[in-house]
Amino acid sequence: MKIAIIGLGALGTHSARLLVKSGIKDLILIDDDKVEKSNLNRTLFTEKDINKPKVIQTKKILKKINPNIKIETKQIYLNNKNINFLEANLILDCTDNLKTRFLINEYCIKKKIPWIYAAVNNTSGSVFSIKNKPCFRCIFKKTQDEPCTSIPKELVEIISSLQVNEVFNPSKELISFDIRNKKLIKTKVKENPKCPACNKKFEYLIKKPILITKACSTKGAFEVKSNKKLDFKDIEKRFKVLVDTPVLIIIKVKNKEVTVTKNKILVKNCNKEQATKIGKIVYEI
Amino acid sequence: MKALILMSGGIDSAVAAYLMLKNKVDLTAIHYDNRPLTDEKPLEKTKKLINILEKKFNKKIKLIIKKHGKNQIKLLKKINHRHLCLLCRRIMYRTAEEVAKKEKCQYIVTGEILGSVASQTLENLRVESEAIEMAVLRPLLCYNKDEVIKIAKEIGTFETSILPGVCCTAVPKHPTTKANLKIIKEEEAKL
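If you're matching them up, the sequences are chains A and B in order.
First residue of the first sequence: 1, per this note's numbering; consecutive thereafter.
First residue of the second sequence: 1, per this note's numbering; consecutive thereafter.
Fair warning: there could be bad hints in the mix.
A few chain A positions that, by computed beta-carbon distances, are all more than 10 Å from chain B [to be verified]: (1) V20; (2) P193; (3) K219; (4) K268.
Subject to a maximum C-alpha distance of 25 Å in a straight line, what follows is the list of computed PhoX-like cross-link-like pairs (lysine-lysine) [what the hints assert, rightly or not]: (5) B:K47 - A:K219; (6) A:K153 - A:K131; (7) A:K240 - A:K254; (8) B:K47 - A:K252; (9) B:K41 - A:K256; (10) B:K78 - A:K237.
Derived by calculation from the structure, the hints in this document are not laboratory data.
Heads up, the beta-carbon is just placed ideally off N, CA and C, and yes, glycines get one too.
Can you make the complete structure from the sequences, with help from the hints?
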């Protein structure tokens, strides 16, 4: 069984250690960061790891526990492009933000990979095993991350233990633990029939196209750029072509001449709103 | 003495024209209409600029308009995009030489400034000039752009030169800066 751990902070390093101690022999470690002095109080890292990549130092620590394990390291910040190379049987979420969790959630729905969410805030933490429905997006709304002021290190190790326990003994509830009253709460969660992720509307995995309209340097036209790529062949099928070259084509859109190059379109004789409107038609946004 | 000046409607060629006129050289102007790659504005601007210069020197300046858009499209279809500006200019120079002979001009004048755009390098200018026999005068060659702008403001052409207009939409992102005549000739053979 290959397990990927995303994020090597307090949760990630402790969960990784527990997995290796439990006999897991195939791991993928993902984190783009380097060890900082401020990490030392709640992670497995020590003084000599400072300024070195977290993935490499964690690998070293884990290899000391069991030299026979296979560890793949990826020093990257997970995004909608590089996540597509992630192949694992199970993913442990040890990240620190909702955006990445929504991304992991969508990727795991698409690839049918089970994953275990874990998070801590100032006084409590929770874990949740996700396999099919309900998914993470069924329960968590799109909100801003709340900044953490301080994370009790003993709480981190409890939540890590609960997360790794989910690997071997998964539960259907959302499990929360509060360190002030020492109460473990199990919450039954229901799937949301309107959940966009469950309905395969992937907002994080498939980046929203953006349009930027600005006047060109000589102010005679507006150029519209997008993160969506243009395909000449496709455009030639959709519009009346006035000029056709391998470098640029000129097409007619709404009675206006539009110059299309590989990375932008240029609309002459119009105002900004009209240019954006035409941009939306050409880019299909 | 009479010279044919290449006028685009921009800042530099208007200043180049002014400097020649100031030095008592008679001018005929040629403008390349790059539609559909541009729009009608550069031509309108050129006409206005000629008007300003005519009034200033109390002289008539004949304007000849040559359609150049089809040449550009032909280039875009056949050649390596990096060499576009150079090959485009070589065609403009050749047309200019023909017109100059007809108009009884002894020189061709341009507003080219060293390094003002990526393709205006000494190496490239040499390859451009090679396309024709007639001498090309470049009165702005060693000026800085801001010096040219200063003159343009003083002589009253600046405001017209910066009026909105579509400049060439086909300019490559990384044009050739050190043209090799042999390669340019090979590219030209494709046409």
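Broken hints, numbered, in rising order? Those not satisfied are hints 3, 4, 6, 8.
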